[in-house]
Amino acid sequence: MSRSRALLRALAPLPFLIPLAACGGPGAPGGAAQNPAAGAAAAPGFPYTATNCGVTSTYQAPPRRAVSMNQHATELLLALGLQDRMAGTAYLDDAVLPAYRPAYDGIKVLAEEYPSKEVLLGADPDFVYGGYASAFDKAQGRDRASLAKAGVNSRLSIEYCTGGPVGLDQLKTEITEVARTFGVPERGERLIAEEQRRVDAATARVKDKARPSVFVYDSGQDSAFTSGGHGIGNEIVSLAGGTNTFADLKDTFGDVSWEKVIERKPEVILIYDYGSTTVESKKQRLLNDPALAEVPAVRNRRFAVLPLSSVVLGVRVADAVEALGRQLHPDAP
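Residue 224 in numbering that gives the first Met the number 0 is what sits at position 225 of the sequence shown, and the numbering runs on without skipping anything.
Calculated directly from the structure, the hints in this document are not laboratory data. Positions of the beta carbon are idealized from the N, C-alpha and C atoms, including for glycine. Hints are supplied without guarantee of correctness; some may be wrong.
[To be verified] Listed next, with one range per pair, are the computed distances between beta-carbon atoms:
hint: 1; residue 1: 160; residue 2: 203; range: 41 to 49 Å
hint: 2; residue 1: 175; residue 2: 300; range: 39 to 47 Å
hint: 3; residue 1: 292; residue 2: 210; range: 34 to 42 Å
hint: 4; residue 1: 250; residue 2: 332; range: 32 to 40 Å
hint: 5; residue 1: 202; residue 2: 64; range: 21 to 29 Å
hint: 6; residue 1: 275; residue 2: 203; range: 19 to 27 Å
hint: 7; residue 1: 49; residue 2: 286; range: 45 to 53 Å
hint: 8; residue 1: 299; residue 2: 331; range: 17 to 25 Å
hint: 9; residue 1: 247; residue 2: 292; range: 23 to 31 Å
hint: 10; residue 1: 203; residue 2: 46; range: 38 to 46 Å
Produce the entire structure from the sequences given, and follow the hints as far as they go.
Dropping the structure here:
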């Protein structure tokens, strides 16, 4: 992802190996919600009204032609076994998790990045799910109000409108509300239970360990684009047994000066891996900067790495906590 893509994100995880698509209920293939004539009348729990990021939507029946934009939105729908309800998808930061690849391969990709409004509406969606606020760019005509005028409901990941720290409670809310919108609440409950089980096991492994200070390096040259205290990335660092150096930054992502990084003396640098700039090139940028030479993490060459797709509000959160915990505390049992 380019610097511009990172900024769009600012404006704005192992998989759950549960065969959710095979589960019964109104959202399962062949279930009542798949029948356009009978589904709307027969689906239990509808009409359903949800308020998401300031937008209230009433669903008379579960969506049948959803479009997902951004990786974590796509993978959450796939984790809930909703591929048969997806009319299209767009904008990945990473390869889709192997467990979801067969389902993903059956869905039309509308664009490598964001589709134009014309392409998006051409897929005839009844629901659009965006992972980042940039998915609903008003300048491109994809804002939620314009979609509503076209008869299309929408949802934005609550990581970008919570207005405070985002953690496991918000992940549970996101999964619960998406599952409820599609009439498959029991699938959401199972997904949440598995997420919590794995996170609990990972945190128990490191609970008695000293907590190193961790600076998140997403990108940046003249300044550092980092993870603030209001995103799930901050919670992942904490659950993995570390302390985010910029937890006091009241945003999901933000720019900080290199002087501030030096001043805070992080013991570990966590690099977010994505796009055309490699992890190695990011390491070299840090190692070759004389101003950073005495930063403990740089001096000791202590780096950790996570893919960007694991540090947003989605189904990879438990994977991120497990992976980072092993890197921060390799000697833990």
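Outcome of the hint check:
1. 160 to 203: 41 to 49 Å: 32 Å, violated
2. 175 to 300: 39 to 47 Å: 42 Å, holds
3. 292 to 210: 34 to 42 Å: 24 Å, violated
4. 250 to 332: 32 to 40 Å: 36 Å, holds
5. 202 to 64: 21 to 29 Å: 39 Å, violated
6. 275 to 203: 19 to 27 Å: Cβ of residue 275 to Cβ of residue 203: about 38 Å, so the range 19 to 27 Å is violated.
7. 49 to 286: 45 to 53 Å: Holds, at about 48 Å.
8. 299 to 331: 17 to 25 Å: 19 Å, holds
9. 247 to 292: 23 to 31 Å: 25 Å, holds
10. 203 to 46: 38 to 46 Å: Check passed, 42 Å falls within 38 to 46 Å.
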